[in-house]
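Chemist: Now for the letters of each chain:
Number of protein chains: 2
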Amino acid sequence: MREERLILVTNDDGYKASGLNVLVEIAERFGRVVVVAPSEGQSGMSHAITVKYPLRLFRPDRESNREMYVCTGTPVDCVKLALNRILPRKPDLILSGINHGVNSSASVFYSGTIGAAREGIINRIPSIAFSYMDYSLQPDYSSIKEVICAIIQKVVENNLVPCYALNVNIPLVKEGPLKGIKICRQTQGCWQEEFEKRTDPHGFDYYWLTGKFVNYEPEAEDTDEWALKNNYVAIVPIHADATAYEAMKELQQWTF
Amino acid sequence: MREERLILVTNDDGYKASGLNVLVEIAERFGRVVVVAPSEGQSGMSHAITVKYPLRLFRPDRESNREMYVCTGTPVDCVKLALNRILPRKPDLILSGINHGVNSSASVFYSGTIGAAREGIINRIPSIAFSYMDYSLQPDYSSIKEVICAIIQKVVENNLVPCYALNVNIPLVKEGPLKGIKICRQTQGCWQEEFEKRTDPHGFDYYWLTGKFVNYEPEAEDTDEWALKNNYVAIVPIHADATAYEAMKELQQWTF
Chain A
1 MREERLILVT NDDGYKASGL NVLVEIAERF GRVVVVAPSE GQSGMSHAIT
51 VKYPLRLFRP DRESNREMYV CTGTPVDCVK LALNRILPRK PDLILSGINH
101 GVNSSASVFY SGTIGAAREG IINRIPSIAF SYMDYSLQPD YSSIKEVICA
151 IIQKVVENNL VPCYALNVNI PLVKEGPLKG IKICRQTQGC WQEEFEKRTD
201 PHGFDYYWLT GKFVNYEPEA EDTDEWALKN NYVAIVPIHA DATAYEAMKE
251 LQQWTF
Chain B
1 MREERLILVT NDDGYKASGL NVLVEIAERF GRVVVVAPSE GQSGMSHAIT
51 VKYPLRLFRP DRESNREMYV CTGTPVDCVK LALNRILPRK PDLILSGINH
101 GVNSSASVFY SGTIGAAREG IINRIPSIAF SYMDYSLQPD YSSIKEVICA
151 IIQKVVENNL VPCYALNVNI PLVKEGPLKG IKICRQTQGC WQEEFEKRTD
201 PHGFDYYWLT GKFVNYEPEA EDTDEWALKN NYVAIVPIHA DATAYEAMKE
251 LQQWTF
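From first to last, the protein sequence lines stand for chains A and B. Here the working numbering is used: the first residue of the first sequence is 1, the next is one more, and so on. Here the working numbering is used: the first residue of the second sequence is 1, the next is one more, and so on.
Warning: the hint list may mix true and false statements.
Said to hold, decoys possible - Simulated restraints on C-beta separations:
1) Asn-230(B) / Arg-124(A): 54 to 62 Å
2) Pro-88(B) / Asp-61(A): 29 to 37 Å
3) Cys-163(B) / Pro-201(A): 51 to 59 Å
4) Glu-157(B) / Val-214(A): 24 to 32 Å
5) Arg-89(A) / Glu-67(B): 47 to 55 Å
Honestly, the hints are just simulated from the structure, not real lab data. This one's a predicted model, so the numbers in the text were calculated from it and none came from an experiment. In this text, a Cβ means the ideal position worked out from N, Cα and C, and glycines have one as well.
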């Protein structure tokens, strides 16, 4: 008999985030779900790990039927603790999200949600990160459950190879339906920071990170930014190999 | 007249680290150096940015001739603050390191040293991360200054395109000389965590991240791990595009 599918769910907005709850509900249709999520918001934590301090692990609600663990570290710490201390075996799938806000273009490098999914594929486990463009305090996930379910279904049916994770970004469509799903590449772009300078009551300066996104290629139609702007769900397959292979030949010609 | 070359130096071990000092000394041979480094050790901070708290910036030693700024955030925060609040113009080069310990294989994703260099190329600035395999409390950098200098010289001579950063790892060679410099790809591998469980004086458990590196491809001779093991300096060009292009065609055949 086939063993029940084991699914790890995590996020970077913390265990109380409504996006996590929605993703767990969807995941439960596909197998046994274990949640290991950060105790606090970990937005912008990228692929960070906690090396200077030890981690704590606790059960937020022992009464609940849900297998949920809370970890004081980063999303990547959550995955590592899950794989090594919590799960009975290697999971069949890792789901991360649903992130409060999109993680397209260069945000793939800042996002803790995507960090967790990348940690999955480093460990050769099929992994998907979900992010949603709704920035309101209480996002309404009802209209996007179906598409998330469809994507997980396809990943399961097609036995997604664990060599790359899917970075799924879902647009907020105010009028009309989602246009569909597009497989895209990451948009080349950057955040142009402004750093709002303020002075504290003691006369010392401090800086808040603020900024706006600059798309280096606004005309390109095969990018995640384009897809989102045009009401498509953007799926970018991302890998865990940072090598710029195209640069190797040129560099090999340098004589040191 | 050609403007003097402007070089930003940062690291993840913090502004007091001896590796930073050595890199600054070397960098000063190539132009005007401005240092913006973290106030504390930021190992394992990856490409993280500080969004929940504001950042502070201070001058550690106003008497010194060195243009050094210290930032309370991550290495990527340091680069962002440097570019937006400190430097008079976009720098010609970003140098990050010298990291205390190597950042080969999957460590490219955990390393704050490499995060800073990746932030450089996201902003289209040629960037190099240096890491050294000496794990002793007081590493002796004297034997590696020459090779670091040679690498910077080549980057400058060849006008390294700012589309990829160089991840330079230098082995600790105990007997005999360095064998040379190899342009490599990132080794496929992962850290197998063990998480040492301890109990605090109050009876609560906590976990220390520990682990050992598992090389998925120990026989491959074109990897950074192989180069380091065989006494070569390993240079892996890394990009800021996470797209797994090889996966796109297959995914485009999925019907949702």
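Chemist: Each of the hints needs a verdict: does it hold here or not?
Modeler: Outcome of the hint check:
1. Separation of Asn-230(B) from Arg-124(A) is about 26 Å and departs from the stated range, judged on CB atoms against 54 to 62 Å.
2. At about 54 Å, the beta-carbon gap between Pro-88(B) and Asp-61(A) misses the expected band of 29 to 37 Å.
3. For Cys-163(B) paired with Pro-201(A), a C-beta distance near 45 Å fails the hint of 51 to 59 Å.
4. Taking the beta carbon of each, Glu-157(B) and Val-214(A) are about 30 Å apart, inside 24 to 32 Å as hinted.
5. Checked against the hint of 47 to 55 Å, the C-beta distance between Arg-89(A) and Glu-67(B) comes to roughly 54 Å, which is consistent with it.
When the structure is compared with the earlier hints, violations turn up for hints 1, 2 and 3 and for no others.
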